[in-house]
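Visitor: Those protein sequences? They're chains A and B, same order as listed. The first sequence begins at 256 in this note's numbering and counts up by one. The second sequence begins at 14 in this note's numbering and counts up by one.
Be careful, since some hints might not be right.
[Said to hold, decoys possible] EDC-like, lysine to aspartate or glutamate: derived pairs with alpha carbons at most 20 Å apart:
id: 1; chain 1: A; residue 1: K698; chain 2: A; residue 2: E677
id: 2; chain 1: A; residue 1: K432; chain 2: A; residue 2: D713
id: 3; chain 1: B; residue 1: K83; chain 2: A; residue 2: E475
id: 4; chain 1: A; residue 1: K711; chain 2: A; residue 2: E700
id: 5; chain 1: A; residue 1: K786; chain 2: A; residue 2: E603
id: 6; chain 1: B; residue 1: K83; chain 2: A; residue 2: D452
[Claimed, not checked] To list a few chain B residues with every Cβ distance to chain A over 10 Å, as calculated:
id: 7; residue: N18
id: 8; residue: Y19
id: 9; residue: I23
id: 10; residue: K32
id: 11; residue: N34
id: 12; residue: S35
id: 13; residue: V94
id: 14; residue: T96
id: 15; residue: E97
id: 16; residue: D98
id: 17; residue: F99
Honestly, the hints are just simulated from the structure, not real lab data. All values reported here derive from a predicted model rather than from experimental measurement. Heads up, the beta-carbon is just placed ideally off N, CA and C, and yes, glycines get one too.
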Amino acid sequence: MSTIFGLYGGAHDSAAVYIKDGEIISCIEEERINRIKSGNNYFSLPNESLTTIENVSGLNVSEVDHVTFATHTPNEFILNRVKRDVDVYDHHQCHAAGAYYTSGMEGKVLTVIIDGGGTDNSNTVWLCEDGEMKVVHSDLFASGGTIAQVWGYVLHGIHELDKNGNFVWKMCKDEGKLMGMAPDGEYDEMVYNALKDVISYDSLRFFPANTIGKATFLSEALRRSGYFSTKQGISNFAHNLQLVTEEIIIEYLHDLHALYPEYDKIAVAGGLFANVKLNQKINQLDWVKEIFVFPAMSDSGLALGAAILKSKELGEGFEKPIKLNNVHFGLSYSDEEVYKASLNFEVERTEYVPSEMAKEINDGKIIGWFQGGFEYGPRALGSRSILVRPTNPETHRILNERLKRYDTMPFAPMVMEEYFNEIFVEDKSKYTAEFMTMCYDTKEEWIEKIPAVIQKSDKTARPQIVRKEAIPKYWEIVDEYRKLSGIPVLLNTSFNAHNEPIINTPQNALKHLVFGVIDKLIIGNYVYAKK
Amino acid sequence: MQKNNYNIQIDFTRGVSCKINSDENRLFLVEIYEKLANDSIPRILESSLVFSNQEAFQVYRNWHGNYHVKVYDWNNGIRLVHTEDFNYFNKKVLFVAHTLNDDEFNLWLKMALDFSNKQGFSFNFARKSDNPSEENYNRVYHIGRFISTQPMTLHEWPLFNRQIWRRYFNEFNPRDWSTQTSEEIFNDIVGISENKNGETFTIKSMYLEHA
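One chain only, chain A, in its complex shape (with noise of 0.2 Å):
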């Protein structure tokens, strides 16, 4: 049996993940330990996140069984930083075998990778079954285009620079916050034609090429025009983008299905199945038996993929899909090494009970949660989150000025497995909603109940459901809080202000504390508050 380091670096989210034996050990995001937010640090290399799972598995670069890399990471770092015999995998096949083999599927899969661009390709198609991967599609990146370029390469004509001369909303890191004003606009024949120029699909082929460049014409061309000026015009933008993406997409997924009608499964990957809204379309075709989005479905997934394939190869493990329970598969610390932590801060500390904190949370209060090992990929999932009472519609307000962002999404459900169909429309994909990647319709009597978590135009919610066989203890804050509230549902919003990676480490929470964005902090088994 072996140990296996996995790499990506190069561009944006760079990550190091640690393999033993067939097992997911370690998982860590570059933009986690350095504390830079990737999106604002897009040649990142894996330096400090690879130091880290070096550190967590007592081993040295040289000294692992295996090193293996995705696409495109430099070999500038592989010559200085490695310094040994490494395995390299494509890109797109990264992904692929990230969203595949930790997909739990059975039978046959259809994987579906779509991004800004992989080695030498935006999107491929796999045909998966019985622990086998097979690409049957695929896409020169040079001959045409891919949607997931659109929503990139829009977004610098969006606002104006801002006063150090930077872009406001960047590629890689506000794509979200597009997305989620989509519902607040409505449909501009104007944007959506033009639109249809930038990006269009027929017959498997997207095209034309060159979309970046058009993107880039387009979204320059309007803020030229004023169109940008309101937020209800960028709102506008965003519904038409998202019309669009979920047009061609669904119509590829149906030509798809077409040619491969025995594939009712599928799993996807890349930068453009962060878009949950998209992901809700498509768990609502009829076709679709299930929808599975991986976790880490932007480039930091590539390292995790990487690693899978070495494994596979070996004969270690990922014979078939696995089912992850989490992915807090980041660095954990012990009640002793927080309470060290906490004797630099002006706070002090008591035993965490449930059912008190349960209570503030009911009474309003901002409660800041780190359990465990922090989470891999983009979502704060229960253990660095944030969470709050879902039942006062005030909460987005007081909340975005707390953690001083602007952010447009609403904040997430998080909703105990056993109450989800009671509030929720859409009964698939539930495996995938463990990782908060879809949206889905609320149902009407629940719309009022829980306001700050359900997007005010079009009623849905992006949840995370909880098992408490998986996080049991994240399971039973909610459990606690529905006892006396009635309501199986928790706000859980990411920890971290605005522009800042999700935290990491004891510090970086206790700080928050003291600075007021949340009013108590619940680490391990205790709860700390300022003094």
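Given the coordinates of chain A, assemble chain B onto it according to the supplied hints.
Guide: Coordinates of chain B only, in the frame set by chain A:
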């Protein structure tokens, strides 16, 4: 060619140069496509936003093949206002190495000969000074010199050109580029320099010229 209230001039004598004159400040998109013999879909080579009456769009892409230029205007939508085809088949090509040392020059010479044999071209070689005169400068074509009318940030550039450059260098000097970014390829072969803001590129060294 007169189009609406602006004038588009595309000059193929030095690669592709596009100048758009207009009474008003307008924004255009200019694209250059390459159509390879075995490709059903033309591949995008270069693209740039062009502001009228400002910096001309210039791309040096003197390459054996068929090319297609498209110019778009914005008028409540993306409007194709100009197309033009050109090709460089059956042209005599002259490689000119400007700023290379002897080893580099010999490398390029070998590559050019390989390419010549492969493609059936007739090549002439010349060694020019390290500081070409304006006259010489105007006579040579820069392979891969990329000039944008807007500063391109470091992260925009490789996404745009990775495919093109990998194919280009593979043809000349086959080796495993699969793990290298396009910046590394450039650093290996021709070098990249940045302006003081770290925003723009100047590609040094290798030129290809129609004889």
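Visitor: Work down the list of hints and note, for each, if the structure agrees.
Guide: Evaluation of the provided hints:
no.: 1; hint: K698/A / E677/A; result: holds (8 Å)
no.: 2; hint: K432/A / D713/A; result: holds (16 Å)
no.: 3; hint: K83/B / E475/A; result: holds (18 Å)
no.: 4; hint: K711/A / E700/A; result: holds (14 Å)
no.: 5; hint: K786/A / E603/A; result: holds (6 Å)
no.: 6; hint: K83/B / D452/A; result: holds (14 Å)
no.: 7; hint: N18; result: holds (17 Å)
no.: 8; hint: Y19; result: holds (15 Å)
no.: 9; hint: I23; result: holds (17 Å)
no.: 10; hint: K32; result: holds (18 Å)
no.: 11; hint: N34; result: holds (19 Å)
no.: 12; hint: S35; result: holds (14 Å)
no.: 13; hint: V94; result: holds (13 Å)
no.: 14; hint: T96; result: holds (13 Å)
no.: 15; hint: E97; result: holds (16 Å)
no.: 16; hint: D98; result: holds (16 Å)
no.: 17; hint: F99; result: holds (18 Å)
Of the hints listed earlier, there is not a single one the structure fails to meet.
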